[in-house]
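Novice: Below are the chains, spelled out letter by letter.
2 protein chains.
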Amino acid sequence: MQIGIQLVTPILGLLGLVVAFCIYKRIMRLPGGDGKVADIASQIHTGAMVFMRRELQILVPFVAVVGILLIFKDPWESLAFFMGALASFLAGFIGMYAATKANVRTTIAAKERGAGAALSMAFAGGSVMGLTIASMGLIGIGGLFLFFGETAHDVHVIHGFPMGAAVVAIFFRVGGGIFTKAADIGADLVGKVEAGIPEDDPRNPGVIADNVGDNVGDVAGMGSDLFESYCNAQIATMAIAATMALPQVANLMGIEAAAGTDELRPVLMYLPLAMTSLGIVCAMLGLLIVKLASGQQPARALRFGTIGAALLFIAASYFVITAFDASAVIWGAVLTGTVAGIVIGLSTKYFTGGKPVRGIARASETGVATVIISGLSVGLFSVAIPALTAAIAILIASNLAGLYGVAIASVGMLATIGITMAIDAYGPVADNAGGIAEMSEMGPETRKITDELDEVGNTTAAIGKGFAIGAAGLAALSLVVAFASVIGQRIADLEIEAGTMSAVEGAGIERILDFFPLSLTDPLVLVGIFIGIMFPVLNGAITMNAVGNAAHDLIEEIRRQFREIPGLLEGKAKPDSARCIDIATKGALKRMALPGSLAVFGPVLVGFLFGANILGGVLVGALMGCFLLALFMSNSGGAWDNAKKYVEKGHFGGKGSESHKATVVGDTVGDPLKDTSGPSMNILINVMAIVSLIIAPIIPLQPIF
Amino acid sequence: MQIGIQLVTPILGLLGLVVAFCIYKRIMRLPGGDGKVADIASQIHTGAMVFMRRELQILVPFVAVVGILLIFKDPWESLAFFMGALASFLAGFIGMYAATKANVRTTIAAKERGAGAALSMAFAGGSVMGLTIASMGLIGIGGLFLFFGETAHDVHVIHGFPMGAAVVAIFFRVGGGIFTKAADIGADLVGKVEAGIPEDDPRNPGVIADNVGDNVGDVAGMGSDLFESYCNAQIATMAIAATMALPQVANLMGIEAAAGTDELRPVLMYLPLAMTSLGIVCAMLGLLIVKLASGQQPARALRFGTIGAALLFIAASYFVITAFDASAVIWGAVLTGTVAGIVIGLSTKYFTGGKPVRGIARASETGVATVIISGLSVGLFSVAIPALTAAIAILIASNLAGLYGVAIASVGMLATIGITMAIDAYGPVADNAGGIAEMSEMGPETRKITDELDEVGNTTAAIGKGFAIGAAGLAALSLVVAFASVIGQRIADLEIEAGTMSAVEGAGIERILDFFPLSLTDPLVLVGIFIGIMFPVLNGAITMNAVGNAAHDLIEEIRRQFREIPGLLEGKAKPDSARCIDIATKGALKRMALPGSLAVFGPVLVGFLFGANILGGVLVGALMGCFLLALFMSNSGGAWDNAKKYVEKGHFGGKGSESHKATVVGDTVGDPLKDTSGPSMNILINVMAIVSLIIAPIIPLQPIF
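Line order of the protein sequences matches chains A and B. Counting in our numbering, the first sequence runs from 64 upward without gaps. Counting in our numbering, the second sequence runs from 64 upward without gaps.
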């Protein structure tokens, strides 16, 4: 590999940050409103910052403890860990900061310049997030690769980076997820149901918290989640390349002889970074397409941009891969991943927006129970296509390029994250813009525009969620393989050391993984699989309860304010929104300790007590459970949400009818499923997998008893 | 092994049938009522028979086709298949027949002789079912073993038996499950909600169908399901023993040398039958204990009987195992299974009856949505302890006696099925008795007694369901291992044939499974796991929809009768109950084709197209998904049911309050989950596993493309 080429990666990362900054500046050049609007926007912004600061108070000690523990394993890895934590924090923070500036500007654009301008603004807000995430990954992993990427021996240092990102992601995704739904349910229940005032009414003390929730949960949370998958996919590919047997290296580099093959290994290790480097370029071009094409039909421009970026990436990656003298089969694997991501996204869109949703809406005619049953059924159905897609993708990618192919397929899925994440983050910005329009009483026209934007946002969010689950699943699977590779390498080294295998034989082995097959007929692996199932079910149950309990705290406070603040319901006094944010924040952070600890310390406990075979089984069991429950929960929740909206458009009796009431219950049930528990599954499996990879070199090979 | 000892098994089976017949005679000696009571009872009995006859019209051709296809593989195996189908049918039919005679006699006993006599009668009804199931297994498998059990080569013939049982079980469990819930929901929705008449009111045309449903779903369905697990556990142990490597055989027989070890293999093959033979003896003694002790405190007598039978079995099995000169470690594995079954049952009891249920009831104060959310959360939580228990059981059993230990642990769990199933079947008999009391307007005292019996029944049913899932899971897991053993043996034979391994080496190998490790780092296995997830989710979604649609058919009919039969609501005309049964039957049978075909033909399709590795992965993926969803669905459903009952007892406002309405919705949502979709998961994985074992000798080893 040419020396210096790897420098391109962090440089492109820095370029991405510069572009993100320019977009941010462009956002800030536009009017941020004044008077009431500015006041509300500032409350949301401040609320988000309050949440962030509070979160940091717990996050910093937690990161410090884990990081210090890691020093005992490897000081450099610990440094990488701190870097990863910082990168993830910055990505989430910057993205959220920009989103809380873009929201009010979207409202004003909607009022003053119409739908197109509003959509552009909301998308610009999302773009800052997308580019920052992609850039942080390139700078962090690309930078570490310059120092530790050249030898297979040192590459484990880089694993610290996604581990750091993972810890932050738990806080942002799970803590943010609990906050956002607690605020949503709390504000709705007391406001809409008990006090009988509309959604987003400024008299409701919980409304600002609700809007803050969109930012901390759906922007920062979603961003850190995807960032984690993005890093994991690259790291897993690198780790597999680092431990791959020489004949496989030769095969993927398209050469016959194994002599000197080891020197080509760094190329395969660098390729995932080459893909994401190319990905950020394509993403930036995609953003440019959106900008150039957004004159008349902004929704179409969005589509053009995303599809354009993906096509560009697919075409260009072929030339990049062959330019590295690597085999074109690798390109086939990348293509497989990209296509699989799109298919899973579209399947999600169908189940949360198509015929199934109308079926749920129709079920509302026979009452609440049938709405719930049909929603659960839709959720279960929606798991099948992504599972089949994942299966086909694994089959094709591994036929082309072995397990390295599976790993780099997940990189292909996530390479254009710069633009896909921009579209994801656009949704909550649009949602916030609507909230601000309502609270500042801007009138029905503005609200109509923001509602439309919100609807586009809901669809993109659904696709994004499906995509996130698919990507997390494939990235985690690759990490599990990487984990097995590391253990396999250890066993092979032990055999060479013990003299049962010569070093020459070792160099000739076909599959390093044969030394650690994780056999399903190994009782220890079966034990692990059953233990693994416990993680997603406990995580799901705990996070659902957490939302309920945190909402309960908030409900008490909102009721108290309505009761004790004179003139509040008449609009003569201002609610104490800050206190609501404070309570929701405390409630959320307190209750994320348990699921967070489960994800971080669970694998450590299992690994050190029960050894590599059981831990391997645990990862697979947890992965299966997470994949199933994540899709089931997110999609049934999304379907209920849209069934309610469908009825609200006038079907089956429309707003206020019995049907509508039934779908409202469905929506409420779906809220914690789709925005807290479901997404937390992604992060759970990602964290478990990366933690396991980190401890792979030091855990016992067999149970210690 | 002493010649002739195996004869004991079918003889004990015949003895069991004789005892069952005596109990049946004892039931029939008691008065069956007259007038209105007899009429209602006869309607229920006839309805159940109509359902059975209809089911046979589809079942017989289906069984014939599958059986004829099997002839091409092995005519003897096909014969065993037909025997298994007949045995399962007879067990279900006889059990249901007795239950529909015992129900009315329970009502009359409650009226005339009080709670103790009523409980005895209901339990006698259940005992016929329990003993018939155990006997059919012993006669069928024990009889086949006499001819095909002596050599490892022929034993595959016996696999046809559980396969036949499996096909019948799908019809009984899934078809019956759809029928029972469609009837339940249909009758309740039109009767209680729309017409405003009480539950089980004789004016409601759907009420007889509802009571028929208890018999076809909860008696025949549950029975055939457990029968299938019972057979699977024995067959899996036998298959593993047949393909075990010689050093393992020597180890389990407690001898050092491998010479002559192969002759000891039949002992290990027979041991599961020895365990179930002992089991039926202990079950009969348990029934005797119940009879002797049921004078004063019948509920306590029930407990004494079950625990007594289990303790007796645990103690006696030690002597049986050592009498066969087998190692005592096998006894340890049997003990592990028995204890694990009890723990899983108790865990189910807690989650569907303990503190979690009161939590759901409390959630009803904040409305329907929180009832649903907290029920889903309880369902998820309830998966964790059974998963952990299964993991620990596998760990201990395999440490003691390898994978043979895991298989025989599942036999231990099911050995006393004669009495455990009697307790399961007692519930629906008591439920029916209550229905008959209500319909024949016997007055509140009788109803109070039957309600109490019903409540005891609900608790035992919950334990039974958890137990059934645990047993099905462990039995299916053993079948997967047996499947892998068969494939491993094939690969080893191929190597000997090809000369890459000598026969002597073959005799010395430690683990036949090393030839077919089903490695989680094999991409094909991973592909299989993702495909495997599709089965439970599709099964769950399809069966839930089936209940909804079949209920819809019935709702239309009940509404029509209320509308068109003059004087029906005033009690002056009789409803056309037979037509309701007819419609529910048609609706259920039509809609079970899809899930049934999925279970039977899914593995065949995967196996022949994609080969052994992917099929192995599919089984594991499906097993994990089934285990998770079965517990989640059954337990959340059970918890909602009991939360409603808790509120009805006067908590949180009691009957008629808003809280009560909220819990009624929860109960309705839970109905198809706990009685159709959840239990269908057991049968799905059992069928998939046994079908795979059957086709294991003939499927391609690699994908055919």
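Honestly, the hints are just simulated from the structure, not real lab data. You may find that some hints are simply not true.
Claimed, not checked - To spell it out: a stretch of chain A is covered by chain B in this simulated footprint if at least three of its residues, at any positions, have a beta carbon under 8 Å from a beta carbon of chain B; those stretches are:
id	region
1	305-316
2	676-688
Stated by the list, open to error - Pulled from the structure, derived: some chain A residues nowhere near chain B, Cβ distances all over 10 Å:
id	residue
3	Asp102
4	Ser437
5	Ala453
Claimed, not checked - Partner residues aside, some chain A positions facing chain B, computed with beta carbon under 7 Å:
id	residue
6	Pro94
7	Leu153
8	Phe156
9	Ser461
Every residue gets a Cβ at the ideal spot worked out from N, C-alpha and C, and that includes glycine.
Novice: Of all the hints numbered above, which does this structure not satisfy? Sort the numbers upward.
Specialist: Hint check: 1, 4, 5, 6, 7 and 8 fail, others pass.
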